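Below, each chain spelled out in residue letters.
There are 2 protein chains.
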Amino acid sequence: MAKVLTSRSENYAQWYNDLVIKADLAENSAVRGCMVIKPYGFAIWEKIQSQLDKMFKATGHVNAYFPVFIPKSFFSREAEHVEGFAKECAVVTHYRLKQNPEGEGLVVDPDAKLEEELIVRPTSETIIWNTYRNWVQSYRDLPLLINQWANVVRWEMRTRLFLRTAEFLWQEGHTAHATREEAIEETMKILDVYTTFAEKYLAIPVIKGIKSESEKFAGAVNTYCIEALMQDGKALQAGTSHFLGQNFARAFDVKFTSKSGKQEFVWATSWGVSTRLMGALIMAHSDDKGLVLPPRLAPVQVVIIPIYKSEEEYRSTVEKAHQIKDTLLEHQIEVKVDDRDTQKPGWKFAEYELKGVPVRLAIGPRDLTNNTIEVVRRDTLEKKSHPVTSIVEHVQFLLEDIQKRIYEKALLFRESHTFEAHSWDEFTALIEKGGFVSAFWDGDPETERLIKEKTKATIRLIPLENTDQTGTCIFSGKPANQKVIFARAY
Amino acid sequence: MAKVLTSRSENYAQWYNDLVIKADLAENSAVRGCMVIKPYGFAIWEKIQSQLDKMFKATGHVNAYFPVFIPKSFFSREAEHVEGFAKECAVVTHYRLKQNPEGEGLVVDPDAKLEEELIVRPTSETIIWNTYRNWVQSYRDLPLLINQWANVVRWEMRTRLFLRTAEFLWQEGHTAHATREEAIEETMKILDVYTTFAEKYLAIPVIKGIKSESEKFAGAVNTYCIEALMQDGKALQAGTSHFLGQNFARAFDVKFTSKSGKQEFVWATSWGVSTRLMGALIMAHSDDKGLVLPPRLAPVQVVIIPIYKSEEEYRSTVEKAHQIKDTLLEHQIEVKVDDRDTQKPGWKFAEYELKGVPVRLAIGPRDLTNNTIEVVRRDTLEKKSHPVTSIVEHVQFLLEDIQKRIYEKALLFRESHTFEAHSWDEFTALIEKGGFVSAFWDGDPETERLIKEKTKATIRLIPLENTDQTGTCIFSGKPANQKVIFARAY
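Read top to bottom, the protein sequences are chains A and B. Under the numbering used here, the first sequence has 279 at position 279, and the numbering climbs by one with no breaks. Under the numbering used here, the second sequence has 1127 at position 127, and the numbering climbs by one with no breaks.
You may find that some hints are simply not true.
[Claimed, not checked] Simulated pairs of lysine to aspartate or glutamate, EDC-like, Cα-Cα distance not exceeding 20 Å: (1) A:LYS87 / B:ASP1141; (2) B:LYS1098 / A:GLU88; (3) B:LYS1355 / B:ASP1018; (4) B:LYS1087 / A:GLU408; (5) B:LYS1113 / A:GLU156; (6) B:LYS1022 / A:GLU88; (7) A:LYS483 / A:GLU408; (8) B:LYS1344 / A:GLU88; (9) A:LYS234 / A:GLU408; (10) A:LYS47 / B:ASP1053; (11) A:LYS54 / B:ASP1141; (12) A:LYS456 / A:GLU446; (13) A:LYS87 / B:ASP1111; (14) A:LYS113 / B:ASP1111; (15) A:LYS355 / B:ASP1018; (16) B:LYS1087 / A:GLU353.
[Stated by the list, open to error] Covered, in the sense of this in silico footprint (three residues per stretch, anywhere, with C-beta under 8 Å from a C-beta of chain A), are these stretches of chain B: (17) 1078-1090; (18) 1147-1155; (19) 1263-1270.
Hints are computed from structural coordinates only; laboratory data are not their basis. Keep in mind it's a predicted model, so treat the numbers as computed, not measured. Note that beta-carbon positions come from the ideal geometry of N, C-alpha and C, so glycine has one too.
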């Protein structure tokens, strides 16, 4: 069978793009920068959604839905937010088309110009805080713990499937609290939810930390994040949780009467993860043969393939395959039989390796005689014969073991690609090599800017445990009281 | 307690609006015509989504996601479609804002004008069929059975919460088939799914039928629909399933090689239901005290309220309430205890009547002594004392019984408001009275137009079983070979 994917060593970016396309995850659409998420890719996203949604609800959150459009003037209300979000965006200026009076097709009807332009939401803080104003009067109305699953649009010039697209899908939590402490607690609680999800479901180890001033969310007091390392040594931000202070409450005049009867501004958080996680999931584990999916998020966990030559063998192996399928289904294992007669087994093997199905079972005539089944695990491609009698337990073991092993492999990779730099030369060499580079920084945004200019590396985060160390800035040589993590990033 | 809602008899439209607002289902937003779906309303929508999604998957469909934007020129490709959808819509003309050079705020950057305007999707046939062109080569690639959950925008001038909003949420199925027969079978299969959902979950009886030419979907060969009757005698279209023939395949050049090796155009269907179902759900069952929710879609099926005077009574009734809650939870019943000390029982009773919680349990000190509990069912407001020992079975019975009884009540209402008109005078009187009016129609769109002009009644559908009857047109007196259902409609 011909090689389907460019290899990672040959061209990592091309490998990624090939994989997304060939594994039927997504493709570019006729609209610049917007992707089509294909059924197989969307099935993975649905699993991500479903699990996160459970975790949000278990921590007291409810879902709601706010408008896709935001009046232009709303963005100007919060001084920093406008800089970050109101520039590259989709602007609705008219509400009607009409037949072209001078020829074919449709033209914008100049009589249908909106009084105020509408922006397709790039994020919803402004419209939501404008709404919260009417929902909050007293401390009894707080907290509001609301999440929204939605599409958002940011007009990106250079796009890559899942990683950076003009339109993407995400969830955005927007909470309102009576006190600063409670809002900070919420910010950290969600950071923990994201961490648990990344590690237990995506099987991706992440580092928790805080963003520098220049990397934080426009309008936040502090942005907390989780950062993951991809196989090419580049970092990927996998989720952010913002403590917004009273910034949006001030901008939209959201006050409440406290227990002591005083009028106070409400405290806020917001937090989100997006279809970008699909990019992380793909890049963290996959190999030159295709996707490697964590069993907990795989739409198909087990595929069963009958091997046969004669009609008679076809009938008996397919029958056995369906028997085993039914047994696995009873144990809540997501399994399918591929009994298509139009493709050869070798083609099917390659196909399910490409699609990242965690466990592949094959049954041939000899297996029928011996009451065995051929078992291949996708992560190591290790092949073994196993008795049919204990296949359920074995598959259950494999699904858990693959989940654990791909996490451990990713963790080992990160550990072997996390470095400490003690000099500028060492720093630049390590950044060139790829990985997380831990180094002292003097806290000056100008230093940060110059480092980025010279090395293309940015401060990914200030790890939560690193805030109390002192040393010398890797670039300026000035005293530094924080050791931060630099990397080139997606 | 003061009356919260306008009564239905006083002003049905006002009652509906009061109810949507007061029961915390939705509200108007700062963006004209766009609503905010509040957490309680959204929880009902999530139940609708989850059940429909299961039913779509059980019938072989998968989900995917297509872009929110559609290039303007796509609409002109299908001659009828453009008339129906490309007129009142949100038009994106620019992709950047900039600081106002002459003052405060932001202005549209004239340098960031799009070469071709983008339309925020009012429905996705065009962008999806443009995509399908690359997905279909051979009959082996068919059928495509794809659904999408998405937001859509139609620039409505007069909006009403849930019933008609500029932005709404929906699902849109788009399937592709090798033969006409298979596409028609799909159209009917989905009509059945919608019917089952409406009757078994929404508890709303519906009539299945086909739309007249002037009421069908723009671009369809035939539109099938389900129609429901609201308590004010107006009809509401609750779902549509379109047989699109080869119209979109021709418009977007989607061909496949058939088994016999010929190039043929692909056959299509599309189908959808939207947040409009929320409006149907609210109007079909609710009363002057508030919502009446079918138990299968109620976010809270049972509420337990402790009744107490002393501290000691508070402690003991609340403890018992939580014991009962835990028992109900074990049986997958969605239950909550309202043990807030800030509100009186009477206030809580009214609140949960307003919110439509199907079963209310109350426990006072005397109940503790007698090991009983007070049980009120929301549909009839009937109140009874019941032994705690068999409360699970009783609640299970009530939830099923309420589901059944509100369906039967709605069915009885429809039957008593479905009439046959034999003369024009009878027809106009019946239409004025409200309800479904069955009458012969000569099949002429001009007759249909005139009837609408004179009575505000439209042809809701041609019932599937009525296609073979012959008679005399109620309006023109000409021979008619179909008996159709007229009504004023939402």
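Hints versus structure:
Between LYS87 of chain A and ASP1141 of chain B the CA atoms are separated by roughly 42 Å; this puts the pair beyond 20 Å, and the hint is violated. Between LYS1098 of chain B and GLU88 of chain A, the direct Cα distance comes to roughly 9 Å. Compliance with the 20 Å bound is thereby established for this hinted pair. The straight-line distance between the Cα atoms of LYS1355 of chain B and ASP1018 of chain B is roughly 12 Å, inside the 20 Å bound, and the hint therefore holds. As the CA atoms of LYS1087 of chain B and GLU408 of chain A are separated by approximately 55 Å, the hinted pair breaks the 20 Å bound.
Taken as a hint, the LYS1113 of chain B and GLU156 of chain A pair is honoured in the structure, with Cα atoms around 15 Å apart against an allowance of 20 Å. At most 20 Å may separate the alpha-carbon atoms for a hinted pair to count; LYS1022 of chain B and GLU88 of chain A exceed this at roughly 39 Å. Distance hint between LYS483 of chain A and GLU408 of chain A is unfulfilled; the C-alpha atoms sit about 26 Å from each other, more than 20 Å. Proximity of LYS1344 of chain B to GLU88 of chain A is assessed by CA-CA distance (about 52 Å); at most 20 Å being required, the pair is judged violated.
Note on LYS234 of chain A and GLU408 of chain A: the hinted pairing holds, with a Cα-Cα distance of about 18 Å set against a maximum of 20 Å. At roughly 14 Å between alpha-carbon atoms, LYS47 of chain A and ASP1053 of chain B fall within 20 Å of each other, so this suggested pair holds. For the hint pairing LYS54 of chain A with ASP1141 of chain B, the CA-to-CA distance comes to about 35 Å; that exceeds 20 Å, so the pair is violated. For the hint pairing LYS456 of chain A with GLU446 of chain A, the CA-to-CA distance comes to about 14 Å; that is within 20 Å, so the pair holds.
Taken as a hint, the LYS87 of chain A and ASP1111 of chain B pair is honoured in the structure, with Cα atoms around 13 Å apart against an allowance of 20 Å. At most 20 Å may separate the alpha-carbon atoms for a hinted pair to count; LYS113 of chain A and ASP1111 of chain B meet this at roughly 18 Å. Proposed proximity of LYS355 of chain A and ASP1018 of chain B is contradicted: the alpha carbons are some 51 Å apart, above 20 Å. Among the hinted pairs, LYS1087 of chain B with GLU353 of chain A is inconsistent with the structure: their alpha-carbon atoms are about 47 Å apart, more than 20 Å.
Coverage of a stretch by a chain is defined here by at least three residues with a beta carbon nearer than 8 Å to that chain's beta carbons; for the segment 1078-1090 of chain B and chain A the count is 6, and the condition holds. Counting residues of the segment 1147-1155 of chain B whose C-beta sits closer than 8 Å to any C-beta of chain A gives 4, which meets the bar of three, so the coverage hint holds. Coverage of the segment 1263-1270 of chain B by chain A is violated [criterion: at least 3 residues with CB-CB distance below 8 Å; count 0].
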